[in-house]
Amino acid sequence: MMRITLANFNVLLGAFLLCSSGAFAQGGRGILAADPKNADRPYDKHDISGIWSRNGTPGGYGGGGTCRDCGDRGYANAVPAFTPLGQKMFDANKPSYGRNLGSADAAAHTEEAIGRRRAVPPASGSDPYQTCNPMGPSRALIYPDPLEMNVLSDKILQQFEWGNGVRTIWTDGRELPKDPDIARWWGYSVGKWDGDTFVVTTTGVDERTWVDHYGYPHSADMLLEERYRRISYDVLELNMTITDPKVYTAPWKSETKKFRKLSKEGIKTVDGWAGLMEDICAPADDVEFFNKRIRDPAGGVVH
Amino acid sequence: MKNIRESCFALLVVGVIATAVPASAHHGTGVSYDASHPITMKGVVTEFHYANPHPQLYFDVTDEKGNVVHWGGEFYPNPAQLIQGGWGKRRSEAALPVGMHITITVSPSRAGTPVGAILKLLNDQGEVVMGVAGGVPGQAPPPGPPAGEQKQPEQK
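Just so you know, the protein sequences line up as chains A and B, in that order. Letter by letter, the first sequence follows residues 1 to 303 in my numbering. Letter by letter, the second sequence follows residues 1 to 156 in my numbering.
Next up, chain B with everything else stripped away, as it sits in the complex (with noise of 0.2 angstroms):
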């Protein structure tokens, strides 16, 4: 029963992205991003706040040059969504330690500062975290196993 739920959570939180991303986050921030140009990063975790209106996950992002880039992403499901789906505060940190390294897919913010909207999240072992696993808007998400037992290409 639990893994079906995980799974239907998933697939809900895919669809919700898929369908609600340019215009209805929680706190309407969704005006905020540019869905049409999702980005990926690799990053390592800095901080992971799990709270209302929608959990936030900060990560350094270092380019080629060396160059850290400190940014912010939020969460589209908020805690009463992820609740449901089974992603609870201590299940969410533990998936989500400091110094994790992850690989990031985000709805870059239209002002052009280092915040995003998560649309894709994935942990060092390539699995899905927090059951975002939306890929880009539109995109139909793959039918599979739960979140957190997902082995997922890395999205290029």
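So that you can see chain A by itself, here it is in the shape it has in the complex (with noise of 0.2 angstroms):
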């Protein structure tokens, strides 16, 4: 979790002054908030394609900050109790993001809730991106990297650039497998609008993802619901509830979420390739390289 000085504020706002004036316009991200410019321009409400990104540090993306107004990376700080399977689950989960473990930083802020304060080197945690399995809808969509929404005739494929995940929600009339024969790491998903909301629900997901990267679990039976709406020419809203009676004492609404839209020229190669990035957790970087070279003796695994 970010935390943000008033001193470090002013260096970040002052970033931001010089690098949204325009001066970043090509092939930086400069999508602190809502563009003035834009405030009139016209756009359908029905139209949700095209890359978002809840990042708002202009060039600064990818284990960087959110925009201010656009929510973390958790799910909610309010967590409904849990059942004793989710406490257990809840417990078997070491995340490595958020305050540190026992630290005094943790014991600080009792206002967050205890999955945000008890964080550990991710050489003795258990997250499972850390050994590149797929993140799952929840967590891939609160992660601040860009997301691209393909609309096709049938479905919207989600494409999420950290991970480069793809999702795939039908809309093609059908319903949701009530009792799913095996789990999917992404889940099994139908969108349709409600009014100006375009409604996505999910169930089947893997258990072995986290709704979000303070390892609060779920269970292959949770309902994951998302509402969409575009509330402005470059503003996309979601709000999201999961239903999971095994793991959960009630339902669990999400914060809400914002995204910013960025056009493909907005991210591009040096040698001006434009669009998503391809940012691959791919295990002969990330396992066989990384983790074992730096991530671990970090943590004190020596290989």
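I should point out that these hints are in silico values taken from the structure, not numbers from a laboratory. Incorrect hints may appear among the rest.
Using 20 angstroms as the maximum straight-line C-alpha spacing, the simulated EDC-like pairs for lysine to aspartate or glutamate come out as follows [claimed, not checked]:
no.: 1; chain 1: A; residue 1: LYS246; chain 2: A; residue 2: ASP196
no.: 2; chain 1: B; residue 1: LYS89; chain 2: A; residue 2: GLU278
no.: 3; chain 1: A; residue 1: LYS264; chain 2: A; residue 2: GLU111
no.: 4; chain 1: A; residue 1: LYS292; chain 2: B; residue 2: ASP60
no.: 5; chain 1: A; residue 1: LYS292; chain 2: B; residue 2: GLU47
no.: 6; chain 1: B; residue 1: LYS89; chain 2: A; residue 2: ASP179
With the hints as a guide, bring both chains together as one complex.
What follows is the structure, given as structure tokens:
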């Protein structure tokens, strides 16, 4: 979790003012907030296609911050009580995000849910993404890197830059499976319009994925509802609800997450190749190289 | 335009480091490092690996008695971030050849192993490399010319 002091905020503000003044328009990501120039720009409320990002730091994403009013990486700080099974699953998950377990910093922030105050080094953690397993839908949506909505005639493909994950949301009118034979890393998803809100429901998500970075669990029976509303030309709003009686004693509503619209030209390689980056978690790089030579030794595990 | 972009990138890298070091690396490794006790070393590059999830720099540090310790450091920006700042793979590799003498500031691992998160990196000309000019967390960046052209005094 990011913590921004007043002094550091001033540094960032200075950077934003400099970088969002048009100087960064070519090849950068100047998406601090909804662009005032787009305030009256017409848009189709039923068009959610294109690239969207929750990150507000120009050029700085991927582990960096989210834009200030886009929500953080957590699903929500207010968590319903666990069931006994849910508590057991939560305790088994050892995240590496948030405030350090047992630190004075963690002890000083009791206003935060315990999930955000129990980070351990990845070498002793259990984050499934540390070994490149798919993130699952809610966690991928919460991460600050961009995603692209590819709207086709019978489905929407959500492509997540981080991890290069692709998720299918069927819009061909089918119903969700009642009791899927096998869980999927990205689950089974259907979507339809409810007025100006695009509603996605998902079930059958592999319970090895986490709800968010902080190791909140779910069962394969979880019903995840996502409600998307395009509230201006360059702002997409998302609210989620998890209903999972095996794990949580009540439905769990997310905090509102907001996305800023990016043009594909807003993301370019040094060669000028526009569009989402290939930000793949490849075991050859992440596990065999980075984990063995950096991540694990940093946590005291030397191979 | 390019210079302005790189200045913005350098400023943002500093800003991200200054505000997010304690706990938010791409892969959650921030928790492994002690950002409150950065150390500065002089070393020689032995290997540079530009890849996900974070580029890594390996270097040797020789102490006063002639003992050599082999260090590994991870950059906080990932390749996708670095690319947005103009630090593509070829430019980065050219800036950090094997044998390059560097001055490097890292947040060391809490475990005491010779691994760190790179906060600041200067080449043998005293130039900031890859826009990593953060100094210690919380320290405001000095305004100035773009990364790669910026001369800075060595950190004490």
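Now the hints, each set against the structure:
A distance of roughly 32 angstroms separates the Cα atoms of LYS246 of chain A and ASP196 of chain A; the hinted pair therefore is violated under the 20 angstroms criterion. Between LYS89 of chain B and GLU278 of chain A the alpha-carbon distance is near 14 angstroms, which keeps this suggested pair within the 20 angstroms criterion. Taking the CA atoms of LYS264 of chain A and GLU111 of chain A, the gap is about 39 angstroms. The hint is violated against a cut of 20 angstroms. For the hint pairing LYS292 of chain A with ASP60 of chain B, the CA-to-CA distance comes to about 18 angstroms; that is within 20 angstroms, so the pair holds.
Only pairs whose Cα atoms come within 20 angstroms are accepted, and LYS292 of chain A paired with GLU47 of chain B is accepted, the gap being roughly 15 angstroms. The hinted pair formed by LYS89 of chain B and ASP179 of chain A fails the criterion: a straight-line CA distance of about 47 angstroms is larger than 20 angstroms.
When each numbered hint is compared with the structure, violations occur for hints 1, 3 and 6.
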